[in-house]
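Q: Single-letter residue listing:
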Amino acid sequence: TQLLEQSPQFLSIQEGENLTVYCNSSSVFSSLQWYRQEPGEGPVLLVTVVTGGEVKKLKRLTFQFGDARKDSSLHITAAQPGDTGLYLCAVMEYGNKLVFGAGTILRVKS
Amino acid sequence: SAVISQKPSRDICQRGTSLTIQCQVDSQVTMMFWYRQQPGQSLTLIATANQGSEATYESGFVIDKFPISRPNLTFSTLTVSNMSPEDSSIYLCSVFLRGLNTEAFFGQGTRLTVV
Chain V
165 TQLLEQSPQF
175 LSIQEGENLT
185 VYCNSSSVFS
195 SLQWYRQEPG
205 EGPVLLVTVV
215 TGGEVKKLKR
225 LTFQFGDARK
235 DSSLHITAAQ
245 PGDTGLYLCA
255 VMEYGNKLVF
265 GAGTILRVKS
Chain W
0 SAVISQKPSR
10 DICQRGTSLT
20 IQCQVDSQVT
30 MMFWYRQQPG
40 QSLTLIATAN
50 QGSEATYESG
60 FVIDKFPISR
70 PNLTFSTLTV
80 SNMSPEDSSI
90 YLCSVFLRGL
100 NTEAFFGQGT
110 RLTVV
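Protein chains in written order, with our numbering: chain V, 165 to 274; chain W, 0 to 114.
Read the hints as simulated data drawn from the structure, not as lab findings. Warning: the hint list may mix true and false statements.
Pairs of lysine-lysine residues, derived as DSS-like cross-links and limited to a Cα-Cα distance of at most 27 Å, are as follows [stated by the list, open to error]:
no. : chain 1 : residue 1 : chain 2 : residue 2
1   : V       : K223      : V       : K234
2   : W       : K6        : V       : K223
3   : V       : K273      : V       : K261
4   : W       : K6        : V       : K261
5   : V       : K234      : V       : K221
6   : V       : K261      : V       : K220
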């Protein structure tokens, strides 16, 4: 069983559309991170959410941490081809281990 | 932030051979992490490398197959030994920097193809 369930696995949308990616778990976390990875590169941190109910915005990206700190969502408004990539949620486990969700591949077509 | 140089960026290797991947960080870090990733999929932790001690391996990964060196606080190597086509994957090294929130930095990865 995956610690973090991420959905959808794959999204292919047109430029200008909105989308939401979900990251769910039955466990409670002190914090949760979202990373984006482009082909041929390592993942890059987008945001860390810490407080239940917290909402953070990064330009057209809106991140929310669930009230119970068990889930999170990433919403992209007016997606652009530059948003194309693999989106990963992640949490820190005991022993300083970063555990990732299965990932969502986003493709934005122009 | 941390800048991580990983090499080689890609390689095609014959089965039965070994490949050593190098990871150089521009700052001193206690722990370095090695991950494996199938293209378009999530990252799986292979092991944690601490300077001055043996690496700690995750379930399903063993030292004989993935020996790791950590000679100092800025460098580590991962060797993929006696390779088979099932070892074809992307291998990434990573470090944490602790500030307000812990942030992981990654090398650009090594794309390995075993033929």
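Q: If a hint holds in the structure, say so; if it does not, say that too.
A: Comparing the hints with the structure gives:
1. Using a Cα cut-off of 27 Å, the hinted pair K223 (chain V) and K234 (chain V) holds, with the two alpha carbons roughly 25 Å apart.
2. With a C-alpha separation of about 33 Å, the suggested pairing of K6 (chain W) with K223 (chain V) is violated against the 27 Å cut-off.
3. Distance check on the hinted pair: K273 (chain V) and K261 (chain V) sit about 35 Å apart at the alpha-carbon level, beyond 27 Å; violated.
4. Using a Cα cut-off of 27 Å, the hinted pair K6 (chain W) and K261 (chain V) holds, with the two alpha carbons roughly 23 Å apart.
5. Among the hinted pairs, K234 (chain V) with K221 (chain V) is consistent with the structure: their alpha-carbon atoms are about 19 Å apart, no more than 27 Å.
6. A hinted pair counts as satisfied when its Cα atoms are at most 27 Å apart, and K261 (chain V) with K220 (chain V) qualifies at roughly 24 Å.
The structure fails to meet hints 2 and 3 from the earlier list, while all remaining hints are met.
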